[in-house]
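Visitor: Under our numbering, the letters of the sequence shown match residues 1 to 200, in that order.
Hints were generated in silico from the structure; no laboratory data involved.
Heads up, a few of these hints could be off.
[To be verified] Here are the computed distance ranges between Cβ atoms for each label pair:
{"#": "1", "residue 1": "Lys60", "residue 2": "Thr129", "range": "24 to 30 Å"}
{"#": "2", "residue 1": "Ala196", "residue 2": "Thr129", "range": "30 to 36 Å"}
{"#": "3", "residue 1": "Leu17", "residue 2": "Lys197", "range": "20 to 26 Å"}
{"#": "4", "residue 1": "Ala153", "residue 2": "Leu17", "range": "24 to 30 Å"}
{"#": "5", "residue 1": "Glu173", "residue 2": "Gln41", "range": "22 to 28 Å"}
{"#": "6", "residue 1": "Phe38", "residue 2": "Ala12", "range": "37 to 43 Å"}
{"#": "7", "residue 1": "Phe180", "residue 2": "Lys40", "range": "19 to 25 Å"}
{"#": "8", "residue 1": "Glu173", "residue 2": "Lys115", "range": "30 to 36 Å"}
{"#": "9", "residue 1": "Ala150", "residue 2": "Ile23", "range": "37 to 43 Å"}
{"#": "10", "residue 1": "Glu114", "residue 2": "Tyr30", "range": "18 to 24 Å"}
{"#": "11", "residue 1": "Ala152", "residue 2": "Lys101", "range": "30 to 36 Å"}
{"#": "12", "residue 1": "Ile9", "residue 2": "Glu146", "range": "16 to 22 Å"}
{"#": "13", "residue 1": "Lys115", "residue 2": "Glu147", "range": "21 to 27 Å"}
[What the hints assert, rightly or not] Pairs of lysine to aspartate or glutamate, EDC-like flavour, derived with a Cα cap of 20 Å:
{"#": "14", "residue 1": "Lys115", "residue 2": "Asp47"}
{"#": "15", "residue 1": "Lys40", "residue 2": "Glu92"}
{"#": "16", "residue 1": "Lys89", "residue 2": "Glu145"}
{"#": "17", "residue 1": "Lys160", "residue 2": "Glu114"}
{"#": "18", "residue 1": "Lys197", "residue 2": "Glu147"}
{"#": "19", "residue 1": "Lys3", "residue 2": "Glu32"}
{"#": "20", "residue 1": "Lys55", "residue 2": "Glu119"}
{"#": "21", "residue 1": "Lys3", "residue 2": "Asp47"}
{"#": "22", "residue 1": "Lys40", "residue 2": "Glu114"}
{"#": "23", "residue 1": "Lys89", "residue 2": "Glu32"}
{"#": "24", "residue 1": "Lys197", "residue 2": "Glu173"}
{"#": "25", "residue 1": "Lys87", "residue 2": "Asp33"}
{"#": "26", "residue 1": "Lys87", "residue 2": "Glu173"}
{"#": "27", "residue 1": "Lys3", "residue 2": "Glu145"}
{"#": "28", "residue 1": "Lys60", "residue 2": "Glu146"}
{"#": "29", "residue 1": "Lys60", "residue 2": "Glu32"}
The beta carbon of each residue, even a glycine, is placed where N, CA and C say it ideally should be.
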Amino acid sequence: MFKRIFDLICSAISLLLLMPVAILIAFIIYFEDGGSVFFKQRRIGIDHQPFILYKFRSMKYNNNSFAGSFEVGDHSRITRIGKILRKTKLDEIPQLFNVLKGNMSLVGPRPEVEKWVAEYPQQWAFILTIKPGITDNASILFCNEEEILAKAANPEDYYKEIILPQKLNIYCEYVKDHSFIGDIRIIFKTLISILAKYKQ
């Protein structure tokens with residue numbers, strides 16, 4: 001209950017503070033590429049309940065993206081504003097609405113599409129006993145995930161066999177030993193990681 005109250009207060013305050021930035025981003029996306037300013041995708045949440053995750057759209061529209069097509073490593077469709085959004089993680093702002101709705105928490109294992117949940121069902125059965133989050137230790141460790149996968153001969157296989165298993169181990173550790181103080185640390189580590197990447 002305390003975690004939920006913290007999520008509600010922080011996400012509401014963050015949305016209020018970031019609203020001018022969010023409106024500006026929405027206008028830029030619309031005028032650069034047209035169409036919806038949001039990227040919407042079906043993800044698997046707590047107790048294997050599906051929900052719609054929101055982001056600011058950083059790529060040109062693709063009908064397959066809702067179902068979870070794998071396009072990591074392909075930067076050809078990323079828009080100019082999309083490059084900035086991804087680098088600064090500003091594309092994640094709409095997920096604060098997911099937190100308000102109760103689909104997600106500020107901190108927790110990142111939600112995956114059904115395809116990747118099906119690859120490791122036993123681990124996900126344990127991980128999905130809690131709500132997924134916007135950030136966690138795996139997000140910080142793999143903050144340059146796109147660059148890593150772009151260099152892989154087969155990005156999809158590399159993600160499935162190398163990166164995802166490491167993420168799952170980190171997710172399981174979080175489920176076993178998460179706390180309010182730990183969540184605060186992760187939030188600050190995330191902000192530091194974003195600032196460090198932005199300066200590069």
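Visitor: State for each hint whether it applies.
Guide: Results for each hint:
Between Lys60 and Thr129 the beta carbons are some 37 Å apart, a value that contradicts the proposed interval 24 to 30 Å. Range check, Ala196 to Thr129: Cβ separation about 32 Å, and the 30 to 36 Å hint holds. With their beta carbons about 21 Å apart, Leu17 and Lys197 fall inside the hinted range of 20 to 26 Å. Checking the proposed 24 to 30 Å range against Ala153 and Leu17 shows it is violated: the Cβ atoms sit about 43 Å from each other.
One distance hint, 22 to 28 Å for the beta-carbon pair Glu173 and Gln41, holds here, with the actual separation near 26 Å. Checked against the given bound of 37 to 43 Å, the beta carbons of Phe38 and Ala12, roughly 19 Å apart, lie outside it. Roughly 31 Å separates the CB atoms of Phe180 and Lys40, a value that falls outside the hinted 19 to 25 Å. Judged by the Cβ atoms, the range 30 to 36 Å given for Glu173 and Lys115 is violated: they are separated by roughly 24 Å.
For the hinted restraint 37 to 43 Å between Ala150 and Ile23, the CB-CB distance of approximately 31 Å leaves it violated. Between Glu114 and Tyr30 the Cβ separation comes to about 30 Å, which falls outside the hinted range of 18 to 24 Å. Roughly 35 Å separates the CB atoms of Ala152 and Lys101, a value that falls within the hinted 30 to 36 Å. About 32 Å separates the C-beta atoms of Ile9 and Glu146, a value inconsistent with the hinted range of 16 to 22 Å.
One distance hint, 21 to 27 Å for the beta-carbon pair Lys115 and Glu147, holds here, with the actual separation near 22 Å. The hinted pair formed by Lys115 and Asp47 meets the criterion: a straight-line CA distance of about 16 Å does not exceed 20 Å. For the proposed pair Lys40 and Glu92, the alpha carbon gap of about 12 Å is at most 20 Å, so the pair holds. Straight-line distance between C-alpha atoms of Lys89 and Glu145 comes to about 13 Å, which keeps the hinted pair within the 20 Å bound.
Under the criterion of a C-alpha separation no larger than 20 Å, the hint pairing Lys160 with Glu114 is consistent with the structure, at around 13 Å. With a CA separation close to 12 Å, the supplied pair Lys197 and Glu147 stays within the 20 Å bound. A distance of roughly 38 Å separates the Cα atoms of Lys3 and Glu32; the hinted pair therefore is violated under the 20 Å criterion. Simply put, Lys55 and Glu119 have alpha-carbon atoms about 24 Å apart, too far for the 20 Å limit, and the pair is violated.
The straight-line distance between the Cα atoms of Lys3 and Asp47 is roughly 18 Å, inside the 20 Å bound, and the hint therefore holds. Between Lys40 and Glu114 the CA atoms are separated by roughly 14 Å; this keeps the pair inside 20 Å, and the hint holds. For the hint pairing Lys89 with Glu32, the CA-to-CA distance comes to about 19 Å; that is within 20 Å, so the pair holds. For the suggested pair Lys197 and Glu173, the alpha carbons sit about 25 Å apart, so the restraint of at most 20 Å is broken.
Between Lys87 and Asp33 the alpha-carbon distance is near 19 Å, which keeps this suggested pair within the 20 Å criterion. At most 20 Å may separate the alpha-carbon atoms for a hinted pair to count; Lys87 and Glu173 exceed this at roughly 27 Å. At roughly 28 Å between alpha-carbon atoms, Lys3 and Glu145 are farther apart than 20 Å, so this suggested pair is violated. Between Lys60 and Glu146 the CA atoms are separated by roughly 17 Å; this keeps the pair inside 20 Å, and the hint holds.
Of the supplied pair hints, the one linking Lys60 and Glu32 holds, its CA atoms being roughly 10 Å apart against a limit of 20 Å.
Hint check: violations occur at hints 1, 4, 6, 7, 8, 9, 10, 12, 19, 20, 24, 26, 27; the rest are consistent with the structure.
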